[in-house]
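Here are the chains, one letter per residue:
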Amino acid sequence: MKILITNGRVIDPHSNTDGRLDVLIEGTKIRGLYPEGSAPKADRVIDASRCIVIPGLVDMHTHLREPGLEYKETIKTGTMAAVKGGFTTVCCMPNTNPVNDTMAVTRFIVEKASKEGACTVYPIGAITKGQKGEELAELEMLTRTGCIAFSDDGRPVTDSLIMRRALEYSKIFDIPVISHCEDLKLSEGGVMNEGFVSTIVGLKGIPNAAEDIMVARDLLLAGLTGGRLHIAHVSTQGAVELIRTAKSRGINVTAETCPHYFTLTDESLVSYDTNFKVNPPIRGAKDVEAVRQGLKDGTIDAIATDHAPHHVDDKNVEFDRAAFGISGLETAFSLGLRLVEEGVIDLMQLIRKMTLIPSEIMKINKGRLSEGADADIAVINTDKKYRVDSSAFLSKGKNTPFDRWTLKGVVEKTISRGKVYEWD
Amino acid sequence: MFKSKDLLGIKELTSEEIYHILDTAAGFKDVLKRDIKKVPPLRGKTVANLFFEPSTRTRTSFELAAKRLSADVVNFSVPASSVVKGETLKDTALTIQALGADFVVIRHSSAGVPHFLSRIKNISVINAGDGANEHPTQALLDLFTIQSRKGKFRGLTAAIVGDITHSRVARSNIYALTKLGVKVRIICPPTLVPAEIGKLGVEIFDSMEKGLRKVDVIMMLRLQLERQSKGFFPSLEEYFNLYGLTAERLKLAKDDAIVMHPGPMNRGVEIATDVADGPQSVILEQVTNGLAVRMAVLYLLAGVKK
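Those protein sequences? They're chains V and L, same order as listed. Take any residue in the first sequence, note its place counting from 1, add 234, and you have its number in my numbering. Take any residue in the second sequence, note its place counting from 1, add 301, and you have its number in my numbering.
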């Protein structure tokens with residue numbers, strides 16, 4: 235089966251391509267890129283007029299909830315949501331039930347994903363057994379079975395010595411340790427950002443320092459060990475500044491942020507809408523500006539979704555008791571486009587931060603649109619507007635703060651290893 | 302006059318609305334002085350008191366206010382345990398709706414719960430205290446008490462003393478007093494100052510000696526005794542030494558300053574007994590005024606088209 239994508243604007247950060255080209259797919263691979271009209275004949279032609287044709291997006295931070303929390307999401311529904319959002323690769327966090335801290339769980343995820351997944355799934359293994367922060371998980375066995383990074387995401391590794399050991403030991407495999415930076419004592423009981431808004435709504439705040447302190451600690455440990463540190467979901471000005479300084483000193487660190495941290499401020503919380511409840515919390519305007527600057531100057535390398543789907547019963551409760559998290563796969567690229575529209579980064583940079591860079595951090599052979607690469611492609615009409623309708627999400631998690639927003643960027647087609655996904 | 306079907310907080314009220322409630326309450330205070338204290342405006346209406354936190358005073362005050370207005374009152378005391386057992390807020394809301402209540406008076410330890418319930422159509426929600434957010438009827442009865450003692454608001458200075466961070470009473474009073482032109486000071490240890498509270502236009506003091514100087518109104522807050530174990534201050538004794546209202550300290554305020562407390566008091570922790578029972582204390586008057594104010598709120602909300 236040969237598929238030709240024609241009339242589109244092909245953008246590939248890896249080869250620095252941006253132009254009118256035809257893309258020919260054969261089976262599960264990209265056969266080649268051709269000047270318009272010069273490609274060999276294909277069985278199917280996809281007209282990508284008015285669209286960009288880009289490498290399928292890569293999400294380095296996704297919660298698929300399977301095994302154990304299938305009522306929130308499954309590998310099947312999560313990956314369907316992914317392709318709807320233009321993603322062809324997701325890296326799933328280990329905070330499932332049981333935690334992905336053993337070969338058995340990793341194998342289960344890999345096998346389930348190969349059978350039911352709409353896109354490629356790479357598991358991330360736990361840093362510590364049971365994500366308890368006490369003993370290292372069997373990192374070699376996890377790596378061998380398919381884990382491409384380690385994280386106790388959802389929880390920090392509170393013990394500095396264990397974090398040091400993780401950064402040291404993971405050097406054997408040269409794969410990143412992804413840190414969820416949170417001082418649990420400072421954040422205890424907190425449900426939103428600490429600041430003027432938390433004062434006027436009377437909800438307990440989480441201060442920026444809860445994140446900054448752990449970012450600082452982990453940067454120091456990365457300096458001490460030379461291990462590969464990746465900071466997850468950066469939300470504060472302090473974290474951006476600390477990472478910027480660390481990078482300038484040559485520390486081996488990368489960082490990601492998520493669309494809600496560069497789009498929303500804590501002012502939104504006055505509605506007590508639990509769809510805005512996320513950890514780390516949506517911060518103040520200064521932090522949002524700092525995160526945007528960090529994206530612009532490269533301090534923040536990648537944009538990830540931290541897709542955290544929840545059942546409505548976990549959200550439709552008291553704000554204090556509601557689950558933390560945002561269902562993000564189906565709105566991430568459109569929210570990224572707002573950064574382009576506002577001149578924070580250009581389109582090439584946005585695509586780079588959502589394809590090539592996460593692939594490079596995770597050392598996976600994804601995020602490229604070139605001859606011989608996997609046929610992972612997103613065809614997106616970046617000018618077309620639509621209204622977000624959470625009830626139409628393919629994810630089981632309808633928990634988005636962006637419901638009813640008008641956004642640009644309709645994913646017309648996603649091609650995952652040669653398979654074409656399209657929607658009415 | 303009244304736009305909203307609910308009373309969620311003072312934040313949402315205009316100063317005109319506040320004055321309107323106070324004027325209405327004055328009328329009901331006269332009713333309460335009569336021999337027969339019952340009037341008919343809420344006959345046939347049902348008020349559901351829904352208290353997820355223990356409270357005797359506020360619940361009783363609302364119950365009596367509703368009964369004085371001839372409403373039927375049902376009390377749901379929802380112990381925390383049944384929440385743990387799994388009845389969700391959503392189910393509670395559906396139950397109230399199915400029972401056909403006209404008013405829900407809600408107290409809950411989580412901020413925002415009254416807002417959640419206010420989505421139910423055809424029911425007026427009255428916030429009787431939600432987490433550290435607001436306790437609007439407390440602030441209204443405090444205003445009523447100040448007005449009856451001082452005859453005005455503009456030009457007065459009030460000091461609110463104690464655990465501001467965890468206090469819904471403090472927040473509602475800050476909104477209420479500043480809206481009516483009262484200068485507000487807060488006096489508390491720096492561990493109990495909410496983030497960026499200065500933006501609300503209050504002056505912050507960590508010393509009674511400085512903060513009480515020449516004030517017209519002193520509002521003491523109840524100190525939750527378990528705060529000590531959370532590291533906000535080292536001991537109750539030290540707290541009283543620094544922030545307890547003593548007769549000595551009271552002299553720093555204006556001679557005719559009034560002393561208020563929302564109750565229940567911790568005598569010897571935040572307030573000395575001789576001050577609590579002294580001539581400048583208006584604490585019991587606050588309780589009486591609470592009844593009139595709550596009648597006014599129920600009465601005015603009943604008049605809002607739903």
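No lab work stands behind these hints: they were computed from the structure. Hints should not be assumed to be uniformly reliable.
Below, computed lysine to any residue pairings styled on SDA-like, alpha-carbon distance capped at 25 Å [to be verified]:
no., chain 1, residue 1, chain 2, residue 2
1, L, 391, V, 303
2, L, 531, V, 272
3, L, 391, V, 304
4, L, 500, V, 502
5, V, 632, L, 422
6, V, 310, L, 525
7, V, 438, L, 422
8, L, 312, V, 504
9, L, 306, V, 418
10, V, 366, L, 525
11, L, 422, V, 504
12, V, 419, L, 306
13, L, 500, V, 501
14, V, 263, L, 480
15, V, 419, L, 525
16, L, 500, V, 331
17, V, 438, L, 496
18, V, 438, L, 501
19, L, 480, V, 502
20, V, 438, L, 549
21, L, 531, V, 443
Hint by hint, here is what the structure shows:
1. L:391 <-> V:303: The given pair, whose Cα atoms are some 22 Å apart, holds under the 25 Å limit.
2. L:531 <-> V:272: violated, 73 Å
3. L:391 <-> V:304: holds, 23 Å
4. L:500 <-> V:502: Since the Cα atoms of residue 500 of chain L and residue 502 of chain V sit roughly 18 Å apart, the hinted pair holds (cutoff 25 Å).
5. V:632 <-> L:422: holds, 24 Å
6. V:310 <-> L:525: Violated: residue 310 of chain V and residue 525 of chain L sit about 49 Å apart, past 25 Å.
7. V:438 <-> L:422: Between residue 438 of chain V and residue 422 of chain L the Cα gap is close to 29 Å, so the pair fails against 25 Å, i.e. violated.
8. L:312 <-> V:504: holds, 11 Å
9. L:306 <-> V:418: Not satisfied, since the Cα-Cα distance of roughly 40 Å exceeds 25 Å.
10. V:366 <-> L:525: violated, 33 Å
11. L:422 <-> V:504: holds, 21 Å
12. V:419 <-> L:306: violated, 40 Å
13. L:500 <-> V:501: Measuring from Cα to Cα gives roughly 14 Å; hence the hint holds.
14. V:263 <-> L:480: Violated, at roughly 67 Å.
15. V:419 <-> L:525: holds, 21 Å
16. L:500 <-> V:331: violated, 45 Å
17. V:438 <-> L:496: Cα-Cα ~10 Å, so holds.
18. V:438 <-> L:501: holds, 18 Å
19. L:480 <-> V:502: holds, 23 Å
20. V:438 <-> L:549: violated, 35 Å
21. L:531 <-> V:443: holds, 19 Å
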